[in-house]
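Peer 1: Once you have looked at the hints, place chains B and C on chain A.
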Amino acid sequence: MLKGNHKMNPLGKALLQFWQSSIGRKIIVAVTGAMLVLFLLGHVAGNLLVFQGKEAMNDYAQFLHTMLHGQGVWIARIGLLVAFGLHIWATISLTIENRAARNARYAYDNTVQASKSSRIMIWSGMTVIAFVVFHILHFTVRVSPELANLPDTAYAAANPGEARHDVYAMVIKGFKNPLVTLFYIVGVSLLCSHLSHGIASIFQTLGIRSRKSAGFEQKLGWAISIALWIGFLSIPLSAMFGILKENPKPHHKAEISPPPASVQVVATSQG
Amino acid sequence: MNLTLKVWRQKNPTDHGRIETYEARDIPSEASFLEMLDIVNERIIETGGEPIHFDHDCREGICGTCSLTINGVPHSKERGITTCQVHMRKFRDGDTIWIEPFRAKAFPIVRDLVVDRSSFDRIIAAGGYISVRTGSAQDANSLPVGKVEADEAFDAAACIGCGACVASCKNASAMLFVGAKAAHLNLLPQGKPEKDRRVLAMVRQMDAEGFGNCTNQYECEAVCPKSISADVIGKLNRDFAQAAVKEAVS
Amino acid sequence: MASNGTLNSAIPSGPLADKWTKHKNESKLINPANKRKYSVIVVGSGLAGGAAAATLSELGYQVKCFCYQDSPRRAHSIAAQGGINASKNYQNDGDSVWRLFYDTIKGGDFRSREANVHRLAEVSGNIIDQCVAQGVPFAREYGGLLDNRSFGGAQVSRTFYARGQTGQQLLIGCYQALEKEISRGGVQMFPRTEMLDLVVVNGHAKGIIVRDLVTGEISRHAADTVILATGGYGNVFYLSTNAMGCNVMAAFRAHKRGAYFANPCYTQIHPTCIPVSGDYQSKLTLMSESLRNDGRIWVPKSKEDAAVIRAGQKTAADIPEDARDYYLERKYPSFGNLAPRDISSRSAKEACDEGRGVASTGLGVFLDFRDAIARLGKDTIEARYGNLFEMYAKIAGADPYTSPMMIYPAVHYTMGGLWVDYNLMSNLPGLHVLGEANFSDHGANRLGASALMQGLADGYFVIPTTLPNYLAGETPGSVTTADPAFDEAETAVRERTSKLLSIQGKRTVDSFHRELGLLVWDKCGMARTKEGLEEAIAKIPAIREEFWQNVRVPGDGDNLNAELEKAGRVADFLEFGELMCYDALDREESCGGHFREEYQFTEDDEAVKSGYTNPGEAMRRDDEFCHVSAWESTGVGNKPKLHKEKLEFESVKLSVRSYK
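Chains as they are written, first to last, in our numbering: chain A, 16 to 286; chain B, 26 to 275; chain C, 2 to 661.
Bound-form chain A, shown alone (with noise of 0.2 Å):
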């Protein structure tokens, strides 16, 4: 851990203490979560590509793989994971602080108003690290052979000489099965639990909140909960349920309603 240390220089001090301050690292939490909930947004349009059919996901897959001569995505892929273990780092000293804080609990137990998924927001951290992690092995750096190894055979046949992965069959593949749907249900659920209160949160930390702002901060922290929720969770369902299809056969996008509408039909209703 660090330590405040005499010698160093005045810049050096100011960060440090502001790392080891109680709002210093709420701040910190704020920016991180507000980085990965920008993510979360441009992921979950990416995705939902997935309903465009086979071509424009695979392309939209190679696009991230190849801007800025591919080194886009790992830029992209190093800023989350410090992003991520920052807000990891911070809201977990920052817990533990909390705890010995509050070191005797009530007899009688009570709440007033806090809402119950800022309750849990260390232990639905906790499982979305664990999503995450299984989210990455899955999909990112395929541990599963099965998945590894899909070729997108049509990209190939009209440009010899270039292969790329078949992301589309990957992603209708891994939602096969029930168990894997069941972990993502839950994963993205406790997720979108975390943003109801995370997102607000944002705004208050950061001090941009105030009391007539306070409602529709809260209102758009819901919504977008609910649109990534509706968002990722329609992929694995509509994999699992048969609704996408491996193979679809041309032109039949049309048959598929794109999510997005539904998605605003609930925040307008939320709002």
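Treat the hints with care, since some could be wrong.
[Claimed, not checked] With a straight-line cut-off of 16 Å between C-alpha atoms, the simulated EDC-like cross-links for lysine to aspartate or glutamate are:
(1) B:Lys-115 <-> B:Glu-103
(2) B:Lys-31 <-> A:Asp-124
(3) C:Lys-567 <-> B:Glu-75
No wet-lab data here; the hints were simulated from the structure. Small disclaimer: the values here were computed from a predicted structure and weren't measured.
Peer 2: Below, chains B and C without anything else, positioned relative to chain A:
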């Protein structure tokens, strides 16, 4: 009315406390909650026991001394009041009432329901003031303050330092208390020159005292007897961030 | 300097308006390097004590400050609602130092010192400047300047206020200044510490004996001077609007060590409090006097109607208009419901004594907003008094919009206190007394919004100037806690504490306090008679004797022990109550908060015949009682010895109050 009380008893700071049960018989429903405890105590004394200790003084909701957690909620579930303003007519005959001290590591128990809140004083001493020597002030009207800012500062200044915010917080955070004082002084032109120093010093003292961190659950504003809004916490976060950046780059 | 027998008031010579300036110019100075050698003990951390401790520390003195509360921020100054007067004349309505001075002298029924009151009016403006600079959020107008209101019947708007929490905001400002000095190291703060005795060395106050209320440890503190700012003695009545912990112990211990207690019979009764609802009641709650602007006070004309209301068989609404007695409007047609505090209080008592009280205990009158709501609409009334109505509903459990409030007078403030000279030093050299604990500025009756003004004037502006007049003549650190006087005082304190713990009788401390309180309220409360006071003086010693034989103080002295704290305070009230009755008996006149039934205007008096005043009004006797009664302790159970300080009025003419 007749009630069953489950009361936290602890002889001194090092004693292991425990919940003890008392029967409170024939309590007039017009009595205040603390008067109910007075009645119970008189009977305890008359029968050779030691009375239940609890903090109280003005008994009109302004001094901030009284500090009971009633059925798990500091100052009871009724909004916008202190413990001394709770009246027995809000309870029903036959109720069981749990009475516990304000709990937090930074509020060590002195005896029974009495806690030591001197950590709050040390936070104020760290920076919760405007440095002005007596006698050196200019004419009061030489520095106009817009009514809006003045009213906003007043809302924050209404804090009575009771500590219910800490007691209600799952993390025993003092952010509402510190935020209220910082907002009160930072919003006024008189308090601006010391704003950054004040915020950094108060937050560092708050951390050093062992209070927890705000996780934006807003239990504090729900139990605050003066209904201070958690907006002051947002403002404290912002003022702290600005001060920390200025400190780092200046 | 004027002198009155043994009491030298040290009032500077010269014209009234120049006295304070002259005194400041002539006061001794201590150079900055020497100030830090002097130590000062301040007991009490309210407006007077907190302001003094902070300011003296800023000046460089080493200050130790003590309070019984868990934090200096909780002193009872915090509970003052209304406001603080200052002669700023920001409203351009003709206010001036002279007018504030004159109103205060007149309000005090010509029983205060001209010079002190004039000084108070002079520094009043500086207080506001100081508080605003500290960040006290006074009410403001849209232009950003300070707002004022007229308060307590004053004809000018000179009251600065902070919603209904002026006392809180001023105290917090003062507390913050104190904390600033604590963090700087100038003040050493001792919260939860109670002064149990004053130590007098060679006739000078040089230290105190205190008990740490948490550990029970008894310890000694020596200093070059001692300042008491320990508030009033209203809790001698058991029920009052004071905080539960307010007590007379520090002042009374000083009295027993030789300090004179001045005018203890001057107590202020506030007319608009929520009535007592049963014998379990622990304290009374004040409702702002502003309610009388729109509320009408009445009781039924007949005892029979009152009896059925008390029994709960009828409500106020069942009493027809012609069966109601709006007694203030009837007796004082021009002032009506806004009649001064003492008059309004006494009238309520009279109505209840006649059997026309309406609360279940018989002690309560109606304060009715029915007509105001009909005239102005519920919304207007809610805008004006919404928070007060809410507070009433919470405490009394009744809705003032639909049924009238019930009110009854209660003890609120005590004008009497330890005698002090112009330097705020008692007859005991080295003992200074500030705020409500001294007697100096309010005479026989205090004006609304003047208590906060006096506390802060004493602490911020008077004592910092006058303290060197004593200290400059003292060698710093000349007395230490090794002095035998500390041994004697500490032994006495230890013996008293052990005695209280060893009696182990049958009655609780509160039961004695209640008994004493009822007696003094009955005999030395709103109206007093020779017979009643003699009866009280005969009965109090009996209660006191029983207390010392039959009180039960559980627990030990080595812990937080609330009963032990209370027992010590009640033991002193049991002596102090007697002193108060002696003073009330001696003062054979009616003035301000002291009403002797024998001395009131009757139909036969010239002033009544001429229509200048009413029968039943207080009758002062300036020829015999235009003096301060300062009492010297002669030991428990003995009649105290009276010293008089004659009050000289050079600038104002004594007149009869009239509120017709």
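Peer 1: State for each hint whether it applies.
Peer 2: Going through the hints against the structure:
1. B:Lys-115 <-> B:Glu-103: Measuring from Cα to Cα gives roughly 9 Å; hence the hint holds.
2. B:Lys-31 <-> A:Asp-124: holds, 13 Å
3. C:Lys-567 <-> B:Glu-75: holds, 14 Å
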